[in-house]
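Peer 1: Okay, here's what each chain looks like letter by letter:
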Amino acid sequence: MTDNTQQDGLMPVKLVLAWLFVGIPLAWGVYQTLSNAMKLFQ
Amino acid sequence: MSFLDRSHTVAGPGFSRWLVPPAALCVHLCIGQAYAFSVFNLPMTKLLGISQSAPDDWKLTDLGWIFSIAIFCLGFSAAIFGRWVEEGGPRRAMFTAALCWAGGFLISAAGVYIHSIWAIYIGYGVVGGIALGIGYISPVSTLIKWFPDRPGMATGMAIMGFGGGAFIASPLTNTLINKFSTPTHVGVAETFLVLGAVYFVFMMVGAVTVRVPAPGWKPEGYVPPVEAQKLITKSDVFVYDALKTPQFWLIWMVLCINVTAGIGVLGQASAMSQEMFPGKITATAAAGFVGLASLFNMGGRFVWASISDYIGRKNTYFVFMVLGGLLYAAIPYTGQIGSVVAFVLCFLVIFSMYGGGFATVPAYLKDMFGTRYVGAIHGLLITAWSMAGIFGPVLVNYIRQYNVAHGVDKAHAYDLTMHIMAGLFIIGFICNALIKAVHHRFHMKPDHEVELAQMDVGAVSEPAGA
Numbered sequence: 001m002t003d004n005t006q007q008d009g010l011m012p013v014k015l016v017l018a019w020l021f022v023g024i025p026l027a028w029g030v031y032q033t034l035s036n037a038m039k040l041f042q
Numbered sequence: 001m002s003f004l005d006r007s008h009t010v011a012g013p014g015f016s017r018w019l020v021p022p023a024a025l026c027v028h029l030c031i032g033q034a035y036a037f038s039v040f041n042l043p044m045t046k047l048l049g050i051s052q053s054a055p056d057d058w059k060l061t062d063l064g065w066i067f068s069i070a071i072f073c074l075g076f077s078a079a080i081f082g083r084w085v086e087e088g089g090p091r092r093a094m095f096t097a098a099l100c101w102a103g104g105f106l107i108s109a110a111g112v113y114i115h116s117i118w119a120i121y122i123g124y125g126v127v128g129g130i131a132l133g134i135g136y137i138s139p140v141s142t143l144i145k146w147f148p149d150r151p152g153m154a155t156g157m158a159i160m161g162f163g164g165g166a167f168i169a170s171p172l173t174n175t176l177i178n179k180f181s182t183p184t185h186v187g188v189a190e191t192f193l194v195l196g197a198v199y200f201v202f203m204m205v206g207a208v209t210v211r212v213p214a215p216g217w218k219p220e221g222y223v224p225p226v227e228a229q230k231l232i233t234k235s236d237v238f239v240y241d242a243l244k245t246p247q248f249w250l251i252w253m254v255l256c257i258n259v260t261a262g263i264g265v266l267g268q269a270s271a272m273s274q275e276m277f278p279g280k281i282t283a284t285a286a287a288g289f290v291g292l293a294s295l296f297n298m299g300g301r302f303v304w305a306s307i308s309d310y311i312g313r314k315n316t317y318f319v320f321m322v323l324g325g326l327l328y329a330a331i332p333y334t335g336q337i338g339s340v341v342a343f344v345l346c347f348l349v350i351f352s353m354y355g356g357g358f359a360t361v362p363a364y365l366k367d368m369f370g371t372r373y374v375g376a377i378h379g380l381l382i383t384a385w386s387m388a389g390i391f392g393p394v395l396v397n398y399i400r401q402y403n404v405a406h407g408v409d410k411a412h413a414y415d416l417t418m419h420i421m422a423g424l425f426i427i428g429f430i431c432n433a434l435i436k437a438v439h440h441r442f443h444m445k446p447d448h449e450v451e452l453a454q455m456d457v458g459a460v461s462e463p464a465g466a
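Order-wise, the sequence lines are chains L and V. Reminder that position 15 of the first sequence reads as 15 in my numbering, one-by-one numbering, no gaps. Reminder that position 300 of the second sequence reads as 300 in my numbering, one-by-one numbering, no gaps.
Derived from the structure by calculation, the hints contain no laboratory data. Glycine included, C-beta positions come from ideal geometry on N, C-alpha and C. Incorrect hints may have been included.
Output of the computed footprint for chain L on chain V, the stretches with three or more beta carbons under 8 Å from beta carbons of chain L [to be verified]: (1) 239-246; (2) 287-296.
The following label-pair restraints were derived from C-beta to C-beta distances [what the hints assert, rightly or not]: (3) Met38/L with His8/V: 44 to 54 Å; (4) Tyr31/L with His419/V: 32 to 42 Å; (5) Gly9/L with Val201/V: 22 to 32 Å; (6) Lys280/V with Pro12/L: 49 to 59 Å; (7) Glu220/V with Val16/L: 47 to 57 Å; (8) Leu60/V with Leu34/L: 22 to 32 Å; (9) Ser35/L with Lys218/V: 35 to 45 Å; (10) Pro12/L with Ser68/V: 38 to 48 Å; (11) Met38/L with Ser2/V: 47 to 57 Å; (12) Ser51/V with Tyr31/L: 24 to 34 Å; (13) Asn397/V with Met38/L: 24 to 34 Å; (14) Asp5/V with Asp8/L: 17 to 27 Å.
Please put together the full structure from these sequences, using the hints given.
Peer 2: Here it is, written out as structure tokens:
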């Protein structure tokens, strides 16, 4: 068995959704932290 | 509930292994909230007095125990339940972690409602702490099995989530508390309830998504190294036999030293930066420094663990020990010359290696003890974290306090601690240098594997295959 995504046509969609599901909150948190961290250089 | 069984999580044809890291992140991003628990501290000191603490309100010293109990239970539960997690499969473990994590918030909400600190100690501290331990190790061995070509990167991604969870939890908690607070009420209980519900859903998505590879599965195009590599075993070591090897305890020491150095400074970073650079680093700037440090802590988990796939685990820890030692020794000098930039740069690299140490260790264990029980062995190793959680703050806080009490200027109160940290890294370097391949007498024999796996802890009196 391999990473044969052709056998599941929905797999690319599932992958995008799964990564967005965790990526969006993480990116929001990092953005919030970076915004605060910039005060170090002001 | 059979859908939780390992046998029901075996991936079918067409499944992409790249769905497993987000499943692991669903769990780690949630339990990483623990690093942001301090956000609750101040509001919880005003539950009765609302605008200011009333005499019957909880003190910060009472509230500090919640996090300590949770971290203690993290190490304890990871060590106790490691084998169960390994044999039961990742879905059962993630589901249990989700139930305990949400349950911990629920009990804590009730504790706030009836104003019982003990309910919160039991809720967030004990039940939530068990969720932390089970959740932390739940995806580790699954990721290693899906990514035999890049085990460091795979576990680094998940463990990065634990560092990143606080970034989400901290602003989210503040937003929720503000939303639920009124002039006559502090909205902590409601925030606990909402967080518990949101985390439960998020973790369940991970539990439903996760899959284990079918027996004999290999990534497309992946050819396992034919030539034997000295420090990467092809055999497996039974979980409790690993405890009998010097390698386990040497890695335990290396991890403990790396975490001791990082955790002590991370907890004191704000005060230390302001005291070492009075007038140059303000409280606001120090808060920015702490945020930046947390980002490097998180990023280092992914970057260093990924690098370890190319340079090897032992070499990665050599870098941590040598570079870490040099940087700690250089910190007092940055204070003497008054260079904020040098100070910040030194610490950002140190914090990246602190995170990197956490993220690289599962792959180090896999190299030493094989993949079969790596999750359970990792669980046992996490006790090093619990110990470091005591050593680190003691080293930083008490030595500073002693120095200040004996007339040392606050700007130089950390110098001795930094030199002690550098010395610890020399010990870590030696421990890492002593790590050799595990003796073959500890390796599991194929015909004994099932039998060994069914044996009780106490019954394993001889090393497997000895």
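Peer 1: If a hint holds in the structure, say so; if it doesn't, say that too.
Peer 2: Hint by hint, here is what the structure shows:
1. For the segment 239-246 of chain V, the proposed coverage by chain L is not satisfied: 0 residues have a C-beta within less than 8 Å of a C-beta in that chain, short of the threshold of three.
2. A stretch counts as covered by a chain when three or more of its residues have a beta carbon under 8 Å from one of that chain; for the segment 287-296 of chain V and chain L the count is 7, and the coverage holds.
3. The hinted range of 44 to 54 Å is satisfied by Met38/L and His8/V, whose Cβ atoms lie roughly 48 Å apart.
4. Range check, Tyr31/L to His419/V: about 38 Å between beta-carbon atoms, so the 32 to 42 Å window is met.
5. In this structure the supplied range 22 to 32 Å holds for Gly9/L paired with Val201/V, their Cβ-Cβ distance being about 27 Å.
6. The supplied range of 49 to 59 Å is met by Lys280/V and Pro12/L, whose beta-carbon atoms lie about 51 Å from each other.
7. Taken as a hint, the range 47 to 57 Å is violated for the pair Glu220/V and Val16/L, whose Cβ atoms sit roughly 20 Å apart.
8. Range check, Leu60/V to Leu34/L: Cβ separation about 28 Å, and the 22 to 32 Å hint holds.
9. A C-beta distance of roughly 44 Å is found between Ser35/L and Lys218/V, which places it inside the suggested range of 35 to 45 Å.
10. Roughly 45 Å separates the CB atoms of Pro12/L and Ser68/V, a value that falls within the hinted 38 to 48 Å.
11. For Met38/L and Ser2/V, the Cβ-Cβ distance of about 51 Å falls inside the hinted range of 47 to 57 Å, so the restraint holds.
12. Under the hint 24 to 34 Å, the C-beta atoms of Ser51/V and Tyr31/L, about 32 Å apart, fit the expected range.
13. For Asn397/V paired with Met38/L, a C-beta distance near 29 Å keeps the hint of 24 to 34 Å intact.
14. A C-beta distance of roughly 22 Å is found between Asp5/V and Asp8/L, which places it inside the suggested range of 17 to 27 Å.
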